[in-house]
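Participant: Full structure from sequences and hints, please.
From first to last, the protein sequence lines stand for chains A and B.
With my numbering applied, the first sequence corresponds to residues 1 to 299, in that order.
With my numbering applied, the second sequence corresponds to residues 300 to 666, in that order.
For the record, the hints were derived by calculation from the structure and aren't laboratory data.
Positions of the beta carbon are idealized from the N, C-alpha and C atoms, including for glycine.
Each hint should be verified, as a subset may be incorrect.
What the hints assert, rightly or not - A few chain A residues that face chain B, going by a derived Cβ cut-off under 7 Å, partial list only:
hint, residue
1, C59
2, K76
3, R77
4, Y80
5, P82
6, S86
7, Y88
8, D90
9, A102
To be verified - BS3-like mimics (lysine-lysine), calculated; alpha carbons at most 30 Å apart, straight line:
hint, chain 1, residue 1, chain 2, residue 2
10, A, K69, B, K499
11, A, K232, A, K256
12, B, K633, B, K499
13, B, K499, A, K76
14, B, K499, A, K15
15, A, K224, A, K271
16, A, K132, A, K69
17, A, K69, A, K138
18, B, K633, A, K138
19, A, K256, A, K271
20, A, K232, A, K271
21, A, K132, B, K499
22, A, K256, A, K224
23, A, K179, A, K76
24, A, K15, A, K69
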Amino acid sequence: MGVIDVHNLSKSYGKVLALDRVSFSVGRGELFGLIGPDGAGKTTLFRLLTTLINPDDGCAEVDGCDIIKDYLSIRKRVGYMPARFSLYPDLSVEENLQFFAALFGVTVEESYDLIAPIYKQIEPFCTRRAGKLSGGMKQKLALSCALIHRPSVLFLDEPTTGVDAVSRNEFWDMLAALKERGITILVSTPYMDEASRCDRIALCSEGRILGIDTPTGIVRGFDKPLYGISAKNMFALLERARSEEGVEDCYPFGEKHHLVAGEGFDEERFKAALADVECLEIVSTEPTIEDMFIKLMRR
Amino acid sequence: MRAFIVLVQKEFLQIRRNSFLPRLIIAFPILVMLLMPLIMTMDVRQVNVAVVDLDRSTTSRRIASHISASEYLTLAQTTAEYPFAMEALEQGQVDVIVQIPADFERDMTVATPERISITANAVNATKGGMGMQYVVQTIAHTLSELRGEKSPAKLSGLVTIENRYNPTLNYRYYMIPALMIILFILICGFLPALSIVGEKENGTIEQINVTPISRFMFILSKLVPYWLIGFFVVTVAMLVARLVYGLTPVGSIGAIYFGALLFILTISGFSLTIANFSETMQQTMFVMFFFIMIFMLMSGLLTPIDSMPMWAQRFTLILPPRYFVEVLRSVYLKGTTIVELWTNYAALGVFALIFNILAALTYKKQA
Chain A
1 MGVIDVHNLS KSYGKVLALD RVSFSVGRGE LFGLIGPDGA GKTTLFRLLT
51 TLINPDDGCA EVDGCDIIKD YLSIRKRVGY MPARFSLYPD LSVEENLQFF
101 AALFGVTVEE SYDLIAPIYK QIEPFCTRRA GKLSGGMKQK LALSCALIHR
151 PSVLFLDEPT TGVDAVSRNE FWDMLAALKE RGITILVSTP YMDEASRCDR
201 IALCSEGRIL GIDTPTGIVR GFDKPLYGIS AKNMFALLER ARSEEGVEDC
251 YPFGEKHHLV AGEGFDEERF KAALADVECL EIVSTEPTIE DMFIKLMRR
Chain B
300 MRAFIVLVQK EFLQIRRNSF LPRLIIAFPI LVMLLMPLIM TMDVRQVNVA
350 VVDLDRSTTS RRIASHISAS EYLTLAQTTA EYPFAMEALE QGQVDVIVQI
400 PADFERDMTV ATPERISITA NAVNATKGGM GMQYVVQTIA HTLSELRGEK
450 SPAKLSGLVT IENRYNPTLN YRYYMIPALM IILFILICGF LPALSIVGEK
500 ENGTIEQINV TPISRFMFIL SKLVPYWLIG FFVVTVAMLV ARLVYGLTPV
550 GSIGAIYFGA LLFILTISGF SLTIANFSET MQQTMFVMFF FIMIFMLMSG
600 LLTPIDSMPM WAQRFTLILP PRYFVEVLRS VYLKGTTIVE LWTNYAALGV
650 FALIFNILAA LTYKKQA
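Facilitator: This is the structure:
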């Protein structure tokens, strides 16, 4: 039994199926990541688990409470940070914190030790209106507010979207510290590079979960040789490479193309066939989570 | 309970932080009460009259001088040619033309004289009609005065006129209660709706919905500040009415506050219901405006319900302001009591209940 247990959860908005029989389980004190592009159904999943909406089908439990029957107990136990900054912009940092503390029937002092590592960074600005904070500071305030009632489970919907690289890194450090205190964290992100900071990840696309494993486990699942290729004319290269024998897949990946070698692929023969291509380079590379994601998507 | 107090405090804090709302809440009632009664008047004054005097007698001069002495009429010109006067009427310099036929004075003593003719510009039907009436009254008054001077028996004093409840027929006294209602509709109707939809637009409502706060408590916390503001508005409006226009309610102040309470509950519940169905401020504003137009034009605020067509009169029964208009006017001008107006209070109470329950039910949050 995990802290979060989801069984065949489905939700559709009109004709659009946002979540299609999703099942997974998160253990206590785990940092679980939902990785997937926009429109994968991550936010819908969060809204279901925080009891903002009801599922069409399936069931889920959060910290032992059913999301439909025991919604009131869930609201007392979870902290939710929506993707969009949703604190009162016209209240000050301090007022926001005190307001949410009062709504949960606690005081800021009671939870101060938990939020201190995060809140200390914005405390110098405690009289500033929340709407006037910078992106990174807003996010720290939102996290403080989500933690004010000492939740056992934390739901963070794309917390790092629109935050600079340094702040993003800091934010993941904070999450790691919270995890140490036994808080279960479900976090979603569209950035594949952040996936490695999670204990386990679920790759989501179009309302379905494509695979669940540890970040290294996911990468290990990529069982075919992978090459990075480049040339002067990258676009033409893509077309040429795809038509070669033994090439299972070839797709743009940063400044190179990634080439997935199938059976009967021979590096030397490939080089010879593309001898006329200017500045052709081909090197063997290690697969990443994104490669695995693309592989699962193509299936 | 502590959570509720904090919610209400937050609401007031947000109103105070707003750069515009506090000023609006104070300035709006004062300005409306000070300016509107002067502007919104159906009293017809300054009717410009042209006298075409073909008679040139004492009588005709007496008529002209009475016209110029009248409070409502202004003697714009006296000519001997009807076409001149007509031209002035066409140009808008004159509203009513009075033509006194030749030999009017002489014929009056001998036999039936040729009739005095009155022509009015009726583009503005109210001004034309009322102006014409004033002129007729003035002429009739002059003629009876002349007759009275000639015969020993006094003819005047046969008819006495008394306007009950508003003795001077002051249109302002009729309008001031209506203006107070317009203030309620605007302040207690628009503001709570905008405050809820604002939370939707900011996304803050999401954050509230994941807390253990119940929807009834949240909705109530949105309403309470505007109820208090509503009472502040009614007090300011009554003070202005008294200090500036010398209008004090003949009936009890309690009857007014009780009616105001029910009406504020109704209109704020109504506005929250609309807010629950809207996603954006724009949408709320338009829908509210639609209903406010109907409220203003059909509740007897500006035009009497009795003179509407029958179907419209029946329709007004489902408009809450209609009942409050009646309460406010009767208590203010006639001194009617709560007991006598109980049907109106009951209707307002039912509306208040319906709209507030509807507001709480349509608010989309589980329990």
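Participant: All hints, please: hold or fail.
Facilitator: Against the structure, the hints:
{"no.": "1", "hint": "C59", "in the structure": "violated (16 Å)"}
{"no.": "2", "hint": "K76", "in the structure": "holds (5 Å)"}
{"no.": "3", "hint": "R77", "in the structure": "violated (10 Å)"}
{"no.": "4", "hint": "Y80", "in the structure": "holds (5 Å)"}
{"no.": "5", "hint": "P82", "in the structure": "holds (5 Å)"}
{"no.": "6", "hint": "S86", "in the structure": "holds (4 Å)"}
{"no.": "7", "hint": "Y88", "in the structure": "holds (6 Å)"}
{"no.": "8", "hint": "D90", "in the structure": "holds (4 Å)"}
{"no.": "9", "hint": "A102", "in the structure": "holds (4 Å)"}
{"no.": "10", "hint": "K69/A with K499/B", "in the structure": "holds (26 Å)"}
{"no.": "11", "hint": "K232/A with K256/A", "in the structure": "holds (11 Å)"}
{"no.": "12", "hint": "K633/B with K499/B", "in the structure": "violated (45 Å)"}
{"no.": "13", "hint": "K499/B with K76/A", "in the structure": "holds (22 Å)"}
{"no.": "14", "hint": "K499/B with K15/A", "in the structure": "holds (24 Å)"}
{"no.": "15", "hint": "K224/A with K271/A", "in the structure": "holds (19 Å)"}
{"no.": "16", "hint": "K132/A with K69/A", "in the structure": "violated (39 Å)"}
{"no.": "17", "hint": "K69/A with K138/A", "in the structure": "violated (33 Å)"}
{"no.": "18", "hint": "K633/B with K138/A", "in the structure": "violated (59 Å)"}
{"no.": "19", "hint": "K256/A with K271/A", "in the structure": "holds (16 Å)"}
{"no.": "20", "hint": "K232/A with K271/A", "in the structure": "holds (15 Å)"}
{"no.": "21", "hint": "K132/A with K499/B", "in the structure": "holds (19 Å)"}
{"no.": "22", "hint": "K256/A with K224/A", "in the structure": "holds (18 Å)"}
{"no.": "23", "hint": "K179/A with K76/A", "in the structure": "holds (19 Å)"}
{"no.": "24", "hint": "K15/A with K69/A", "in the structure": "holds (26 Å)"}
Violation of the numbered hints given earlier is confined to hints 1, 3, 12, 16, 17 and 18; the remaining hints are satisfied by the structure.
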